[in-house]
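Per our numbering, the very first residue in the sequence shown carries number 3; after that it's consecutive.
For the record, the hints were derived by calculation from the structure and aren't laboratory data. Just so you know, even glycine gets a beta-carbon here, dropped at the ideal spot from N, CA and C. One or more hints might be untrue.
[To be verified] In silico DSS-like cross-links for lysine-lysine, where the CA-CA straight-line distance does not exceed 27 angstroms:
1. Lys231 / Lys211
2. Lys384 / Lys151
3. Lys233 / Lys151
4. Lys268 / Lys331
5. Lys384 / Lys331
[Unchecked claim] Cβ pair distances, simulated, as ranges:
6. Thr64 / Gly299: 37 to 47 angstroms
7. Glu60 / Ala219: 11 to 21 angstroms
8. Pro180 / Arg216: 43 to 53 angstroms
9. Phe419 / Ser303: 26 to 36 angstroms
10. Met112 / Lys384: 52 to 62 angstroms
11. Leu30 / Tyr415: 38 to 48 angstroms
12. Thr328 / Leu92: 33 to 43 angstroms
13. Leu263 / Lys18: 47 to 57 angstroms
14. Gln356 / Phe85: 38 to 48 angstroms
15. Pro218 / Asp358: 48 to 58 angstroms
16. Leu30 / Pro387: 25 to 35 angstroms
17. Arg216 / Gly299: 50 to 60 angstroms
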Amino acid sequence: MSAVSEPASSDSLVAKIIDNGQISGQQLLVVGLCMFFNMLDGFDITAMAVVANAVSTELLLTPEKVGWIFSFALAGMMGGAMFLAPVSDLVGRRRMIIFSVTLVGVSILMTAQATTLLEFIILRFISGIGAGAMLASQATLAAEYSPEKYRALSVVLVTSGYPLGAMFTSVVADYVMPDYGWRGMFWAGGAATLLMGLVAWLFIPESLKFLIERRPANALEKVNGVLTKLKKPTIGEMPQVKHQKPRAKLGFISTMLTLLLPAHRKVTLTLWSTFFLCFATLYFLMSWIPKLMVDSGYEESVGRDAFFLFNLGGVIGIYLLGGLSTRFKLSNLVFGLLFASAIGMVVFAMAPNQRDLLLALIFAIGVLQQGGFTGLYGAAAKAYPTEIRSTGIGWSIGLGRSGAVVGPAVAGYLIFFGFDMSANFIVFAVPMAIGGLIAYRLHIR
3 MSAVSEPASS DSLVAKIIDN GQISGQQLLV VGLCMFFNML DGFDITAMAV VANAVSTELL
63 LTPEKVGWIF SFALAGMMGG AMFLAPVSDL VGRRRMIIFS VTLVGVSILM TAQATTLLEF
123 IILRFISGIG AGAMLASQAT LAAEYSPEKY RALSVVLVTS GYPLGAMFTS VVADYVMPDY
183 GWRGMFWAGG AATLLMGLVA WLFIPESLKF LIERRPANAL EKVNGVLTKL KKPTIGEMPQ
243 VKHQKPRAKL GFISTMLTLL LPAHRKVTLT LWSTFFLCFA TLYFLMSWIP KLMVDSGYEE
303 SVGRDAFFLF NLGGVIGIYL LGGLSTRFKL SNLVFGLLFA SAIGMVVFAM APNQRDLLLA
363 LIFAIGVLQQ GGFTGLYGAA AKAYPTEIRS TGIGWSIGLG RSGAVVGPAV AGYLIFFGFD
423 MSANFIVFAV PMAIGGLIAY RLHIR
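Put together the whole structure using the sequences plus the hints.
Shown next as structure tokens:
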């Protein structure tokens, strides 16, 4: 293709190619691969939920110790999202995705060889770090390759990969565990993840916006390589970039503290509280559903079915929220879905111990809870002005994930002290209901 003779500014060039140009197969490939990588994340991180009973039996682990394993994986995700993912702004989205996929794949394969609680905790923490960094990096890359009109949809599609992957954990377990046991789940997940690391190296391009603004070595050649894949005209020289005032050494901290200034303090504290409470309940369910079903007298296959239905409901709930958000006030939707899911958890706890009824209720809870929870991401994006939006979203999710660390651990101790499945559902319905009520105060359209 011929080179463009007149260099545009960086903003206008990216807008012309991504926002206003015709969508190319390369752009669809980027979003599709990011969604698939997130599915692997969902599979790898939640695999522990479906093997928890087998692992605890073989390694003689009490429930509170199994809770530690869940919590350390989620603590790793929190750390990866808050502290490793931002490195992609320095080294590039592509490198961070390849590194994260490889880190998760290797640590998952090593988990298959774990024989002690300490090994499990360390390896699950490492897997969580990679997963947290990967989610943030691939969501950013998908957004940067999506036209403005479809950007939110692209992020929703990538986000939905996590519950999709968690859903398939149950399906794969039905085929793998009877012959290869719990270690086979980690062999399968680790091998597939490493294979996708190769796929990422072969097919994932660097962000065009990153190449133009950060200008790594051979930037022009790399930009033209991306433009060729996008079937766009190449450029003869790099476009001009608007110079920004350099940040102070404590710019990261200063930007974070901006979230707590009077103009943003109320919305910031509201979001942090809501994310914390909802993460605690969501990851209690994501971690303990299969084992609680087994402890209630059902076969392990029924526990896997419940886990499958909860995550299938989550996928449907995410897309349901996406459709409803175009017609109704977002914060009202979040409140309604989260509060309804809390009521559903109480109904589940009080329902007769009938398999089909419980499975139907867990599916409904998945639809309501994960649909409402996804709305919080959109609310955070709309709550902050452009200059602090990324920091606002990142810290809302990052600090909120401390709830994901606390929830499964608390549940482990509750089970250890004799709380059955019904009692746990009632206990964890409370933070979900409070989180919904707090979200109502956001008043975000």
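Going through the numbered hints above, which ones does this structure break? Give me the numbers in ascending order. Failing hints, ascending: 6, 7, 10, 13.
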